[in-house]
Amino acid sequence: MRRLAPRVLSVVAACLLATAARAAESCANPHQMQGFKTCADIGTAEREGGLVVYSTDPEAASESVLAEFHALFPKINTTYFRLQGGALYAKLLAERQGQAYLADITQLSDMSFAFDFQKRGGYMRYISPELAAYKPDYRSTPDGYWTWGALVVAGIAYNPNLVPADEAPRNWPDMMNPKWADAISVKVTISGLQHTTWYMLRQLYGNDFWKNLAPSKPHAFDSYVQQFDRLVNGQDKVAVTAQYSGYLLMKAKGAPVEFVYPPDGLIATPQPWGIVKEAPHPEAARLFMDWFLGAPGQTVNARFQCDYSARDDVDPPPGGAKSSTFKLLTPTDWKAFEQSHAAYVREWDKLTGMR
Amino acid sequence: MSTPPRIDVRDLVVRYGETAAVDGVSFAIAPGELVTLLGPSGCGKTTTLRSIAGLETPSDGSIKISGRTVYSRRERWNVPSEKRGVSMVFQSYAIWPHMTVFENVAYGLRVRKVPAAEIADNVARVLDMVQMRGFADRPSSKLSGGQQQRVAVARAIAFSPNVLLFDEPLSNLDAKLRAEMRVELRELQRRLDITSLYVTHDQEEALAISDRVIVMNGGKIEQIGSPEAIYNRPVSRFVADFVGSANMIAGQVRGPGPDGTLLFETEGGIKIEVIAPANGDTSGTVVALRSSYIHIGHVSGSHNAVNGTIHRRMFHGDFIQYVVDWPAGQLIVRRPPTELFEEGSSVTVSFAPLHCVLL
Amino acid sequence: MSSFGFRGWVMPLLLLVCGGLVLYPLAFLIIESLNIGDPQSFPPEELGLANYLELFEEPRVITNTLLVASIATVLAVLFGFIQAWILTRTIIPGRDRLERLMELPYYMTPLIGALAWGVLLGPKTGLINQVWQSTGWTSDFFNIYTPWGIAWVMALFEGTVAFVMISASMKSMDPSLEESSRVLGAGKLRTALKITLPLVAPGVLSATIFVFSEMLGSFAAAFVLGIPGRFFVVTTAIWEATLSFPPDYGRAAAMGLSLFGAMVLTLGCARLIMRHGSYTTITGKAFRPRAMEVGAMRFPLMTIAWGYIIVAVILPLGALLLTSMERFATVIIPQMQFTLANYETALRMGSLAPAFANSLILGVSVATLGVPTIGVLAWIIYRSRVPGRGLMEFVIMIPAAVPRLVFGLGLLWAWINIPIPIYGTLWLLGIAYFTVFLPLGLRTIAGVVLQVDPSLEECARVCGASWGYQMRTVTLPLLRPGLVAAWLLIFIASVRELGVSIFLMGPNSKVIAPAIVNSWLSSSSELSAAMALMQTAMVFVAVAILFRVARRVTGAPA
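Protein chains in written order, with the working numbering: chain A, 1074 to 1428; chain B, 96 to 454; chain C, -4 to 553.
To be clear, the hints were calculated from the coordinates, so they are not data collected in a lab. Among these hints, one or two may not hold up.
Stated by the list, open to error - Only part of the chain B face toward chain C is listed, based on derived beta-carbon distances under 10 Å:
id: 1; residue: E177
id: 2; residue: G180
id: 3; residue: S182
id: 4; residue: Y188
id: 5; residue: A189
id: 6; residue: I190
id: 7; residue: W191
id: 8; residue: V206
id: 9; residue: R207
id: 10; residue: L260
Said to hold, decoys possible - Simulated pairs of lysine-lysine, PhoX-like, Cα-Cα distance not exceeding 20 Å:
id: 11; chain 1: C; residue 1: K119; chain 2: A; residue 2: K1290
id: 12; chain 1: A; residue 1: K1208; chain 2: A; residue 2: K1252
id: 13; chain 1: C; residue 1: K189; chain 2: A; residue 2: K1252
id: 14; chain 1: A; residue 1: K1208; chain 2: A; residue 2: K1350
Backbone N, C-alpha and C define an ideal beta-carbon position, used for all residues, glycine too.
All chains should be modelled from the sequences, with the hints used to inform the complete structure.
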């Protein structure tokens, strides 16, 4: 659990450093735009004319988000590139190693990637005036490398046509019930969200928690799309590590899915967003970061991606409950989280029949 | 040869891996001559022809055309095909299906950048020569075999080459057409006075059209000579057997005979008078005797006359072929269709010593 | 065949270029497969055979691959053989139209087919399973998410390739061989079994081997239908290995090279067999095969022939059409709600139009540049006596034996480390496609080159034409129909290409196939279905236009 004294010290140190840093690097007179402040020079950004975002988010939604930015700044052409989790990071690193710098902004789906990238000096340090709206836990140490641009929330989902409400699982341990055998889905080992789920529920319920799931032979999938498709089509009854955004999107389309908010808490995985150091369009990148981390960007992101914002002043995604109504479980000791990875891979691979 | 030869081949060797398809071949062809390379398949005649054309690269030797060296191993000299100035008629005719007859024939002229009016004249002229006038605009894929052959010849002579090479051009035609075409080809060659080298396995064809015949076997030359010389005075068993129909009579030379002949005793004890080969070698044990030179019935003044029995008779139309039993075995005899004898009848066969060649 | 004045430097130069294109990425793969240290560092810190040894400790992936490839090959050859038989040896109504329709499955990709069959035969709720269960059965008619299902989908699409190869060999058979059997008193069936079958056997055998080697490297079907059930073959295992972080490139490369080894063996066997067999069928003499009258059997046979088209083309397209128009992807009929919103979304997506445009541009460029180049190469390899041409042929055919997904990895490492800034551009994709389709182009054009009677070219040379003049006036015009066919094949292959594109795409160089996969993974099945149909439509339209143009170019019915 937490070790308070060193933690307080580090927070204090971070704040001091951050203040010093802010005094050195954040600009003196941020522009006030419609709904957000920016330190970037808009003229320069528009002259650069382009912006490339590397992210793991679904393409159609991301393009809608970027389209909103483009509508504000028509001279900046936005381009989006998607790959799954680890592959995106690997591509980013491979490109840097070959000195091909194509990405301006990068979203990484796993905190360990963000730490790694920061360690390698991959991020550009930029103190956005919007950073003030984010709790220190939600920002890099020191400030300005990466920030939590969204929170991916996961719980349990089920098909109400197949599972009457009174039989549905109510809390996390209910998924171990043998009646879900061969009808329950989880995510694959490489999913960052799954790692977080595994880690947090062990913290809550003990290290042997997941062993009880093995007899149910869960099916593992790369994406929530597949999980929800199977739910809708009756191939599975229950989805665990069910992405809330997926549920919201399916519900909006009229599909028969219901979501369970376990009283012990919903898993939340942060999405670290940052600017790449050798970005080809640095000024446009800074402008985007300010917009994205500001209320307008966060609102747009929540609306299209159906993820939650780390800011308090942003509405929840359409159809979603207010974040104050449920508990969020997020790792606090990221180092310990990182170190648990090997054990996680071993256990999860066995659980999902990979090895 | 007083005038320098048009084609001069010396010690030509063409090897494929371990085997030599052409193994030391030398000959010279005078301007205006039509020489035929004759032999069974695999004897190297086509390879020799293609080497002269530049389509095969020999392993050793030298080739000169019109006095110019086009291939020499020693000088490491090899002129590519397109620069040798020879022309060739292929066995498969090689008529380009995507061009008209005119375009096919004009090809060599176009390559040499002859002006268009002259091309048109030339093409008309040669098409006329091969009796294909009026076919100029026909797409060549619509021609019959015989027509393709004529177009191939026209194409070959259109640009007035010095040397014309023929690679079994008539072998794909039926017998009647073959006989007609061979006459036409010879006429054409005579008229244009083009030096020609002709390859065929058909000995009748070779004898009919050539000035000289080169008989080849196993990559080597067996005999070079005029058709009459090849026919009447074969120097080896192979030549005797391959060209025309011959009886091989085994036996021994017993001593000199009258008028410069030799006395030859066959197996079976018959003594006949034969002539010695040109090189004077009297150690031969076989005498070659052409079927057409044997008479049936007594002919006065002939020195060799033996009794025999007609064993079999086959009517060939232009001649009758008899198988005659005689003390030394069987003789094949060819006689004009008027000389009819019954199977089983006793006859006398006679032949002149001049026609019995000791090999 | 002869030598002619080829300058001494031409062959080494060509070998250098081809070798560079093909062997350089391969070298990267080999080095990486021996990397047992940090996968991210290049050159590798530690070298060893651990990656290969691990493969043999856990042979499950390899046995899966062999199992699926074998079943798929048997099915594909069966389909191809039956179709070839019906369409070339018997007389059924509408034969010509059917023969044209047999090309259709090739225009659709196995990816699309797999998506569609998931809809049709998904366990419990696939459309066909629903119909089956409504007739009273409790279990599925068939579950497509199994090795058999994967093999079925692969076979359906590869079946057309087998069909083309086998029917070509059937068409080049001398009909008098069968006629003599019939004259001697053997009935149709006996003739078929005792005469026709053995004569066609070499063609069938080479088709089998070719199809098998393609199946070993197949990715899309196993991706869609295998991964959900945790059934991995080598290509999908390679894909998974590259997805995790840190990516297990060493393992991926080792797996890819093992597959390479297997394919080289297979293709090597093929060459040995073909050498013993009949090159004599290709003499340029075209036989007109006499097809059999089948009387009353006409209609059953026609049904079978049409059956293949329906199962391979119409059913999947129908399933996709259905899914693309649903609000959310479901096959449970009472749940279905319909909308055209997916097409709207697809059309609105900013990245889709560039992806389509890029795929078209790449397809046209690679085919247009590739065909003449490969044409010249084919001529050099099969018609000249230039030394080193055997080596050239071997080098060019290497990419056929490396699964494209793996080759994509090699290409990525190779080109990213070169100081020329082509990474992330369409140029890189173009070079990659060209490299990867060299074997396909060579095989197609070689077939045509070998059919041209060499005396046609020799005659041109004897008439005085230089090599260039001869190529221009005689060789290329004669090859034209084959060159057009090769162009179309390469165009379609480029547009469909997935394995290579996945790794080499950049933000400004997106292409369709990976976009569909991305959408299937992250957006929704309905959107992917809409995109897949749009891609298919685009290919159909492009091919139809190209056929028209081709007809005018060759001046003959294509």
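Now for the hints, and whether the structure bears them out:
1. E177: Since chain C brings a Cβ to about 5 Å from E177/B, closer than 10 Å, the hint holds.
2. G180: Constraint on G180/B satisfied, holds at 8 Å.
3. S182: Hint holds; S182/B Cβ to chain C Cβ min 6 Å, cut 10 Å.
4. Y188: Interface hint status for Y188/B: holds (8 Å vs cutoff 10 Å).
5. A189: 4 Å, holds
6. I190: 8 Å, holds
7. W191: With Cβ-Cβ at 6 Å, under 10 Å, it holds.
8. V206: Since chain C brings a Cβ to about 4 Å from V206/B, closer than 10 Å, the hint holds.
9. R207: 6 Å, holds
10. L260: 8 Å, holds
11. K119/C to K1290/A: 18 Å, holds
12. K1208/A to K1252/A: Distance ~42 Å between K1208/A and K1252/A Cα, so the pair is violated.
13. K189/C to K1252/A: 59 Å, violated
14. K1208/A to K1350/A: Roughly 24 Å between the alpha carbons, so the hint for K1208/A and K1350/A is violated.
The earlier numbered hints that this structure contradicts are 12, 13 and 14.
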